[in-house]
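Chains as they are written, first to last, in the UniProt record's numbering: chain A, 1 to 122; chain B, 1 to 122.
None of these hints come from the bench; they were simulated from the model.
Each hint should be verified, as a subset may be incorrect.
[Claimed, not checked] So these bits of chain B aren't anywhere near chain A, every CB distance computed over 10 Å: (1) Gly18; (2) Glu22; (3) Glu23; (4) Pro25; (5) Glu36; (6) Val49; (7) Ala54; (8) Gly66; (9) Ala67; (10) Val73; (11) Gly75; (12) Asp80; (13) Ile118.
[To be verified] With beta-carbon atoms standing in for the labels, derived distance ranges: (14) Glu108(B) <-> Gly17(A): 20 to 28 Å; (15) Cys21(A) <-> Glu108(B): 38 to 46 Å; (16) Glu24(A) <-> Pro102(B): 27 to 35 Å.
From the three backbone atoms N, C-alpha and C, an ideal C-beta is built for every residue, glycine too.
Number of protein chains: 2
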Amino acid sequence: MANVTLSVCTTCRRTAGGAPCEEEPRPGARMLAALEAHALPEGVTLRPVECLSACSRGCSIALSGGARRWSYVYGDLDPDAHVDAILTGVTAYAATSDGLVPWRARPEVFRKQSVARIPPQE
Amino acid sequence: MANVTLSVCTTCRRTAGGAPCEEEPRPGARMLAALEAHALPEGVTLRPVECLSACSRGCSIALSGGARRWSYVYGDLDPDAHVDAILTGVTAYAATSDGLVPWRARPEVFRKQSVARIPPQE
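Chain A on its own, in the form it takes in the complex:
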């Protein structure tokens, strides 16, 4: 399974869907740092990205994993509150072959804060 990429928008200026802020480092950069401070599941690579084009839904992340998995974008995330849930969700995603995690096995932030999903390329 695995070979999964967890993309993190480092330019997000919002936290949990709030108003854009001028703080530095930006919430997106803080999200990346918070995730870097944790061990990732085997086969999962963290990738900083400048803008996932979900600016009104920051902080935002994307999960992708090859041509046979659905890709997902999640938003309204908070680097101070949601890192454990993100890691739980990525672990479940990485354990699938198609990216489809059963609804009940998804952390609440993944169930409620999906921005979009894209079908597999194959």
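Fit chain B to the given chain A structure using the hints.
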């Protein structure tokens, strides 16, 4: 270039970000039918999808094109107003190798109504 997939959410209940409606066929199904009625650019395949998980931003579509292209999701689309713009945008996307169409070459609905984008898998 090409080998691009234009995924269309057929279950979207909204048009152009409005209130969800009960009309049948659903706006998403009408979007699919409207696109099917047009010739697509060479190398572009239309794919109906049940839910792109962008329900509050319907009608929604996604563009993807192999492991080396960025993928994009667009929303707040109207099957009666935006088909020509979508075809223009898909044509430009299909002509790239990485999915990155210069800003000025994107139709206005693609500039203003991006829901999210996901980086290439390679």
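Do the hints match the structure? See the list:
Once the 10 Å rule is applied to beta carbons, Gly18(B) is consistent with being away from chain A; the minimum gap is 18 Å. The Cβ of Glu22(B) sits about 23 Å from the closest Cβ of chain A, beyond the 10 Å cut-off, so the non-interface label holds. Every Cβ of chain A is farther than 10 Å from the Cβ of Glu23(B); the closest lies at roughly 23 Å, confirming the non-interface assignment. For Pro25(B), the shortest C-beta to C-beta distance to chain A comes to about 21 Å, beyond the 10 Å cut-off, and the non-interface label holds.
For Glu36(B), the non-interface assignment is confirmed: its Cβ lies about 18 Å from the closest Cβ of chain A, beyond the 10 Å cut-off. The Cβ of Val49(B) does not lie farther than 10 Å from every Cβ of chain A; its closest approach is about 5 Å, which violates its non-interface assignment. The claim that Ala54(B) lies off the interface is violated: its Cβ sits roughly 4 Å from the closest Cβ of chain A, which falls inside the 10 Å cut-off. Not every beta carbon of chain A lies more than 10 Å from that of Gly66(B), the smallest distance being close to 6 Å; the non-interface claim is violated.
Interface exclusion of Ala67(B) from chain A breaks down, the closest Cβ pair being 7 Å apart, not more than 10 Å. Distance check on Val73(B): its Cβ comes as close as 4 Å (rounded) to a Cβ of chain A, failing to clear the 10 Å threshold; non-interface status is violated. Gly75(B), annotated as away from the interface, has a beta carbon of chain A within 10 Å; the closest lies near 8 Å. Consistency note on Asp80(B): stated as away from chain A, and its beta-carbon is indeed over 10 Å from all of that chain's, at 23 Å minimum.
The beta carbon of Ile118(B) sits about 5 Å from the closest Cβ of chain A, which is not more than 10 Å, so the claim that it is off the interface is violated. Between Glu108(B) and Gly17(A) the CB atoms are about 25 Å apart, so this pair conforms to the stated range of 20 to 28 Å. A beta carbon spacing of about 29 Å between Cys21(A) and Glu108(B) contradicts the range 38 to 46 Å that was offered as a hint. Checked against the hint of 27 to 35 Å, the C-beta distance between Glu24(A) and Pro102(B) comes to roughly 30 Å, which is consistent with it.
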